[in-house]
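Engineer: Residue numbers (our numbering), protein chains in the order written: chain A, 14 to 428; chain B, 14 to 428.
If you are wondering where the hints come from, they were derived from the structure by calculation, not from laboratory data. The structure presented is a predicted model; accordingly, all values stated were derived computationally and were not measured. Be aware that one or more of the hints could be misleading.
Heads up, the list lumps identical chains together, so a pair's fine if it works in one copy or across two of them.
As a list, the in silico BS3-like pairs of lysine-lysine whose alpha-carbon atoms are at most 30 Å apart [as the list claims (entries may be wrong)]:
1) Lys337 x Lys355
2) Lys184 x Lys113
3) Lys113 x Lys378
4) Lys216 x Lys377
5) Lys193 x Lys129
There are 2 protein chains.
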Amino acid sequence: MNIGILVIGNELTSGMTQDTNSSFIARELYEHGWGVSAVMTVGDDRDAIRGGLDYLMEIADALVVTGGLGPTVDDITTAAVASAFDLNLYTDDVVLKQLKRRFSRLNIPWTENNAKQAMFPEGAGIIDNPVGTACGFFLERGGRPVAVIPGVPVEARKMFSDGVIPLFRDKIAYREHVAKRTIKTFGRTESRIDQALSHEDLKIPGVNIGFYPRFPEIHLVVTSRGEDSRRTEENLRVVCERIEGQLYRYIFGYDDDTMEGVTAALLTDRGLTLSVAESCTGGLITDRLTDVPGSSVFLERGVVTYSNTSKVELLGVPASIIEKHGAVSEEVAILMAEGVQKLAGTDIGLSTTGIAGPAGGTEKKPVGTVFIALSAGGNSTCRRFLFRWDRRRIKEISSQIALNMLRRFLTIGVD
Amino acid sequence: MNIGILVIGNELTSGMTQDTNSSFIARELYEHGWGVSAVMTVGDDRDAIRGGLDYLMEIADALVVTGGLGPTVDDITTAAVASAFDLNLYTDDVVLKQLKRRFSRLNIPWTENNAKQAMFPEGAGIIDNPVGTACGFFLERGGRPVAVIPGVPVEARKMFSDGVIPLFRDKIAYREHVAKRTIKTFGRTESRIDQALSHEDLKIPGVNIGFYPRFPEIHLVVTSRGEDSRRTEENLRVVCERIEGQLYRYIFGYDDDTMEGVTAALLTDRGLTLSVAESCTGGLITDRLTDVPGSSVFLERGVVTYSNTSKVELLGVPASIIEKHGAVSEEVAILMAEGVQKLAGTDIGLSTTGIAGPAGGTEKKPVGTVFIALSAGGNSTCRRFLFRWDRRRIKEISSQIALNMLRRFLTIGVD
Chain A
14 MNIGILVIGN ELTSGMTQDT NSSFIARELY EHGWGVSAVM TVGDDRDAIR
64 GGLDYLMEIA DALVVTGGLG PTVDDITTAA VASAFDLNLY TDDVVLKQLK
114 RRFSRLNIPW TENNAKQAMF PEGAGIIDNP VGTACGFFLE RGGRPVAVIP
164 GVPVEARKMF SDGVIPLFRD KIAYREHVAK RTIKTFGRTE SRIDQALSHE
214 DLKIPGVNIG FYPRFPEIHL VVTSRGEDSR RTEENLRVVC ERIEGQLYRY
264 IFGYDDDTME GVTAALLTDR GLTLSVAESC TGGLITDRLT DVPGSSVFLE
314 RGVVTYSNTS KVELLGVPAS IIEKHGAVSE EVAILMAEGV QKLAGTDIGL
364 STTGIAGPAG GTEKKPVGTV FIALSAGGNS TCRRFLFRWD RRRIKEISSQ
414 IALNMLRRFL TIGVD
Chain B
14 MNIGILVIGN ELTSGMTQDT NSSFIARELY EHGWGVSAVM TVGDDRDAIR
64 GGLDYLMEIA DALVVTGGLG PTVDDITTAA VASAFDLNLY TDDVVLKQLK
114 RRFSRLNIPW TENNAKQAMF PEGAGIIDNP VGTACGFFLE RGGRPVAVIP
164 GVPVEARKMF SDGVIPLFRD KIAYREHVAK RTIKTFGRTE SRIDQALSHE
214 DLKIPGVNIG FYPRFPEIHL VVTSRGEDSR RTEENLRVVC ERIEGQLYRY
264 IFGYDDDTME GVTAALLTDR GLTLSVAESC TGGLITDRLT DVPGSSVFLE
314 RGVVTYSNTS KVELLGVPAS IIEKHGAVSE EVAILMAEGV QKLAGTDIGL
364 STTGIAGPAG GTEKKPVGTV FIALSAGGNS TCRRFLFRWD RRRIKEISSQ
414 IALNMLRRFL TIGVD
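Given these sequences and hints, build the entire structure.
Structural biologist: Encoded structure:
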């Protein structure tokens, strides 16, 4: 069962925007046991859209169309699809009412161009958009389902997974059973992870292991495919277990887990409290932790002590120590972690200080020098790093290491 | 002059790898004044490649093919292209010798499957690969040039820019000038921006305006194309000026500008200092500001006062006020901004307090209630918002509004 994907948008054919929807959709289809015959990207142009639809309907058993459903004049997908399939457009009163209600709830004045988003080809079913204004729709041509969804990635992903996949499941036969697990690692490069795996042990028919670097993490996606569902699941379990045996030190989570989510869960489960003193990470650690619902239970405070004065005033780091060792030093990192822990009265204190660049480096402490410290139960530990990335990546990897230090402290103690 | 792009690889149609080549190639073509008729992605499959070639040669004036030129059995692009164009394959002795020399230089044992990379369709010209083993090739069909290059991104980019672009320049006579400007807005939805523009004034031949929502911003990309370079630039200037006249209140930057970058530049230029007290944004405001190199010049400190105690201790907000009005209130937001400004001794204090959810809402203060305050020169201002997004988006829009309040304060004073 092969599916075609048509992606529509001038921002894509001009290279202005990197399309990520088609890759997401292809992976989802693949993981459901279907294949992709072709992905075509065209601009917001009626003839180009029609050409793409005709070609893909010729070679595929089903079609996913994404992009061009917005309210502005350049959004012509609905009209182009209707015209290609010789269908008239109608206004759906229920959707129109919902749209107007949404606008008034969000206190956004209603403008008439938005009514376009309530228009659909005759006979089309509507695909709900729980995260935006533009609904999608689906129809069938010669027994082949066609689903049309918006191009905004967060909307496209949600609507594809929740709206289109169940529809395709109803309409098109399953080829294979597919079971999948994502193993998330941090602390080793892709090639070293690859080398650490003994691939012979992992060769089980129908099981594939893909490497996906997601800076600063490496994700391993294990996919097991087969006709028998029990066997497929069992093969997945066996391979994942073997990978865990070989990489356990670097695995921090699975599937939808995040480093901050896993760390937050550990803190919550143990009833421990945390305070954070950040210099070079500039608030990124607490930003990540506060992305986790319920983080107020364990996060007492964070301080972004960018100036020396603030390190003295908010953390009690003696000015003489900063003068002697420099603000970017092991001594100051440890005093920051201890200071925030003590002043906030929390179980754990975490700190970062470093030179994110591009300026500010010296011979002894070049750009990319970062100290990360953790203080708990009367003990403190500090590690020094030298990163060769840009400013943003130095912040990202530093926040990741800080969270990982905390996670490992909570699971196995200081290491 | 429109060009087709054919991208080949099973790793792409399975969604295992995100294709970035076609976006790069499209942007390069666009910036050279050509357009892209369609991008098609197919797997390493002879029929699918042939279908793609046929379709694109039908609709495009030239073709770029990328991927599937490696040494392994699944790399079949050269053979598939030759067969689609009814050409035989031959081995190029010069390329073969170069390949063998390269292997011996890198101490890699020569294996016979590598000889495949010295085979080309009869009559094809060779495109050098300065960064890898697989050369590309080009040929012409009915006066339309076809260029074939590898899929490894670093090789594809280098060979496209250095090998294919000069070739197209020779072969494709007509070239347009292109001038482009991105206008970045915040504070109005896409449809209201669209409505605020008087489109009649903006209709100048060769000038196109595209809308690109980048939550929480709306970007307008204005492109001007034409044969005369001076006229092209002038048309761009005129349209941008008219858009500015209509949207000036919502425009915060251009091209590579970011909200945090623009705000940071204003602070730096005016020699003003800032401190930030964040509750619901959890450090995101200082995280964004510290992404800007040199932010230590104006950012004295940030505090993430997640607990009530920390609001009392770090900001001097009286516990009685928190008890009376709640931590999420106008009173507390203002005292937070004033407190951080005073204690840090900065020119400006900025604060946020709110309920990011999903829990913690009440009838009077539902999830999504956020107060944002700014304090400077003895005056304070506070605004109340109600957002209906998820936790992360509430943080993002709150940080954006806080930075925008600051930006507007620095340009026109409190509004």
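Engineer: Hint by hint, note whether the structure agrees.
Structural biologist: A quick look at each hint next to the structure:
no., hint, result
1, Lys337 x Lys355, "both (23 Å within a copy, 29 Å between copies)"
2, Lys184 x Lys113, "neither (32 Å within a copy, 53 Å between copies)"
3, Lys113 x Lys378, "between (58 Å within a copy, 24 Å between copies)"
4, Lys216 x Lys377, "neither (48 Å within a copy, 59 Å between copies)"
5, Lys193 x Lys129, "between (39 Å within a copy, 29 Å between copies)"
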